[in-house]
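Chains as they are written, first to last, in the numbering used here: chain Y, 1 to 110; chain R, 1001 to 1114.
There may be inaccurate statements among the hints.
Below 30 Å or equal to it, Euclidean Cα-Cα: the simulated BS3-like pairs (lysine-lysine) are [as the list claims (entries may be wrong)]: (1) R:K1070 with Y:K42; (2) R:K1056 with R:K1070; (3) R:K1109 with Y:K42; (4) Y:K57 with R:K1106; (5) R:K1067 with Y:K57.
No lab work stands behind these hints: they were computed from the structure.
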Amino acid sequence: EPEVTQTPSHQVTQMGQEVILRCVPISNHLYFYWYRQILGQKVEFLVSFYNNEISEKSEIFDDQFSVERPDGSNFTLKIRSTKLEDSAMYFCASRDLGYTFGSGTRLTVV
Amino acid sequence: GEDVEQSLFLSVREGDSSVINCTYTDSSSTYLYWYKQEPGAGLQLLTYIFSNMDMKQDQRLTVLLNKKDKHLSLRIADTQTGDSAIYFCAETLIDGGSQGNLIFGKGTKLSVKP
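Bound conformation, chain Y alone:
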């Protein structure tokens, strides 16, 4: 069964550092998303991406965040200068009719 792959599974970074979270969506899906889940809280929408551009973003997705689809397969989320409150599980998803989520990257900012 096709799946969404995320790397790394866990990343620890120092506050102020840049991180790039990587995702390989399902190849024939056209819509891509990033969500995050702070420990014990709801899964929250960050950004959606379609036709090589951001189609919608939440208020969480400020200037510190960016997304890119650098080639035909990868979809990345970059956080330019991480803060302690960016510590969360970050999920990538791609959509055809239904969503398929990756298994997530646990980001810990220390």
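For chain Y, the structure is supplied; the task is to place chain R on it using the hints.
Same frame as chain Y, but now just chain R:
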């Protein structure tokens, strides 16, 4: 704004049925989903229902949708210890103008006792 509400905990005995409930506010939702999250793991799609349906059954899972009351439920028959997880209800609107962002509930933690 849009919101999805779920009770936070449910405890059942192995072999019993579990019913997890969810209410949502956006009457224009077109798809409603149930996701399962095991500890430390990602979100696994269990099932989804289109808003013009009122019931969907898939093996041990039955989804009931009451669109008038904006109430969605997930029934798990013959609940097993492996069903212990957090279950998230989510809604979305997918049409020509929307990118179908999911709105999640806080999740219901299901504990299954042997």
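Verification of the hints:
1. A distance of roughly 20 Å separates the Cα atoms of K1070 of chain R and K42 of chain Y; the hinted pair therefore holds under the 30 Å criterion.
2. At most 30 Å may separate the alpha-carbon atoms for a hinted pair to count; K1056 of chain R and K1070 of chain R meet this at roughly 16 Å.
3. For a cut-off of 30 Å, the pair hint linking K1109 of chain R to K42 of chain Y stands: about 13 Å separates their Cα positions.
4. Among the hinted pairs, K57 of chain Y with K1106 of chain R is consistent with the structure: their alpha-carbon atoms are about 20 Å apart, no more than 30 Å.
5. Note on K1067 of chain R and K57 of chain Y: the hinted pairing holds, with a Cα-Cα distance of about 28 Å set against a maximum of 30 Å.
Every hint, counting from the list given before, is met by this structure.
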